[in-house]
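*Asks:* Start from the sequences and build out the full structure, keeping to the hints where you can.
If you're matching positions, the sequence shown starts at 3 in the numbering used here and goes up one per residue.
Because the hints were derived from the structure by calculation, they are not lab data. One or more hints might be untrue.
No farther apart than 30 Å at their CA atoms in a straight line, the calculated lysine-lysine pairs in the DSSO-like style are these [claimed, not checked]:
| no. | residue 1 | residue 2 |
| --- | --- | --- |
| 1 | K200 | K81 |
| 2 | K28 | K242 |
| 3 | K81 | K171 |
| 4 | K171 | K132 |
| 5 | K200 | K171 |
| 6 | K200 | K136 |
| 7 | K200 | K132 |
| 8 | K200 | K242 |
| 9 | K242 | K132 |
Owing to the predicted nature of the structure, the values given are computational and were not obtained by experimental measurement.
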Amino acid sequence: MTTYAVGDLQGCLDPLLCLLDEVDFKPGRDRLWLVGDLVNRGPQSLETLEFLYHNRTSITAVLGNHDLHLLAHAHGYRKASRGDTLAPILASPRRAELLGWLRTLPLVHWDEAIGYGMVHAGIPPQWSLKQALKRSAEVSAALQDDSRLEQYLANMYGNEPRRWDDNLKGMERLRLITNYCTRMRFCSAQGELELSNKGDPRNGPEGYRPWFEFYLENPNNPPLIFGHWAALDGETRSQKVIGLDTGCVWGNRMTLLCLDDGRRWQCHCSSG
Numbered sequence: 003m004t005t006y007a008v009g010d011l012q013g014c015l016d017p018l019l020c021l022l023d024e025v026d027f028k029p030g031r032d033r034l035w036l037v038g039d040l041v042n043r044g045p046q047s048l049e050t051l052e053f054l055y056h057n058r059t060s061i062t063a064v065l066g067n068h069d070l071h072l073l074a075h076a077h078g079y080r081k082a083s084r085g086d087t088l089a090p091i092l093a094s095p096r097r098a099e100l101l102g103w104l105r106t107l108p109l110v111h112w113d114e115a116i117g118y119g120m121v122h123a124g125i126p127p128q129w130s131l132k133q134a135l136k137r138s139a140e141v142s143a144a145l146q147d148d149s150r151l152e153q154y155l156a157n158m159y160g161n162e163p164r165r166w167d168d169n170l171k172g173m174e175r176l177r178l179i180t181n182y183c184t185r186m187r188f189c190s191a192q193g194e195l196e197l198s199n200k201g202d203p204r205n206g207p208e209g210y211r212p213w214f215e216f217y218l219e220n221p222n223n224p225p226l227i228f229g230h231w232a233a234l235d236g237e238t239r240s241q242k243v244i245g246l247d248t249g250c251v252w253g254n255r256m257t258l259l260c261l262d263d264g265r266r267w268q269c270h271c272s273s274g
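*Replies:* Listed below in structure tokens is the structure:
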């Protein structure tokens, strides 16, 4: 079995299929990790979700902000945004099973045998990966509980609170966990979020740094793969934190990484 990881799909199925064909990926034999943002903005959101669901026994995925946006929109708590390509999913006769599968996906994943963790956006300085997994489980519990799902989706959006406190409770706690794991790019050494800047990590806002710089300062942190930050173009200057969002949906490239030996493949995308 070979394990691969791929950057943000965002509804771009053709370049994914191109990459999987290039490495002779076989469902049932091999495994594919996905760093979130499975759908939206690309031209094949429904087809992408159907492909992943069909091969779900060979898939390991975490949720990204666009995947949560789909769930919020489907439940009436978020209006369609400009550029959304989610309508075919919402009109599909398989809508319930596809969205039901999304609800089972976590925010953070760890595989001890492979030795990698995975998150869509990042992990704040004050959390270990073990703590991140526990907090991911808190959000998963809300997503998978029909009696709590509506409250979570109705209150998921917002930029406050900006800094973690172990005493946070209720939706403030879940919102911040969600923002760290699916929206974060820059933060302070104390874990305070700065969510307005999406650009070059070398020119971040004063007092803030790319989250992964803090992650790298802790020698006990294991290797971690992530997506979300297309402006990085995959450059973190470290093999311990690996960015896989190389901006496919913007007309750049999709990147596939072999977690077993570090080889990479790329396919250009024409959907941007």
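*Asks:* Now tell me if each hint is right for this structure.
*Replies:* A quick look at each hint next to the structure:
1. K200 with K81: holds (22 Å)
2. K28 with K242: holds (27 Å)
3. K81 with K171: holds (27 Å)
4. K171 with K132: Holds, at about 19 Å.
5. K200 with K171: With a Cα-Cα distance of about 28 Å, the restraint between K200 and K171 holds, given a limit of 30 Å.
6. K200 with K136: holds (27 Å)
7. K200 with K132: holds (27 Å)
8. K200 with K242: Within the cut-off at roughly 22 Å; holds.
9. K242 with K132: holds (16 Å)
The structure shown violates none of the earlier numbered hints.
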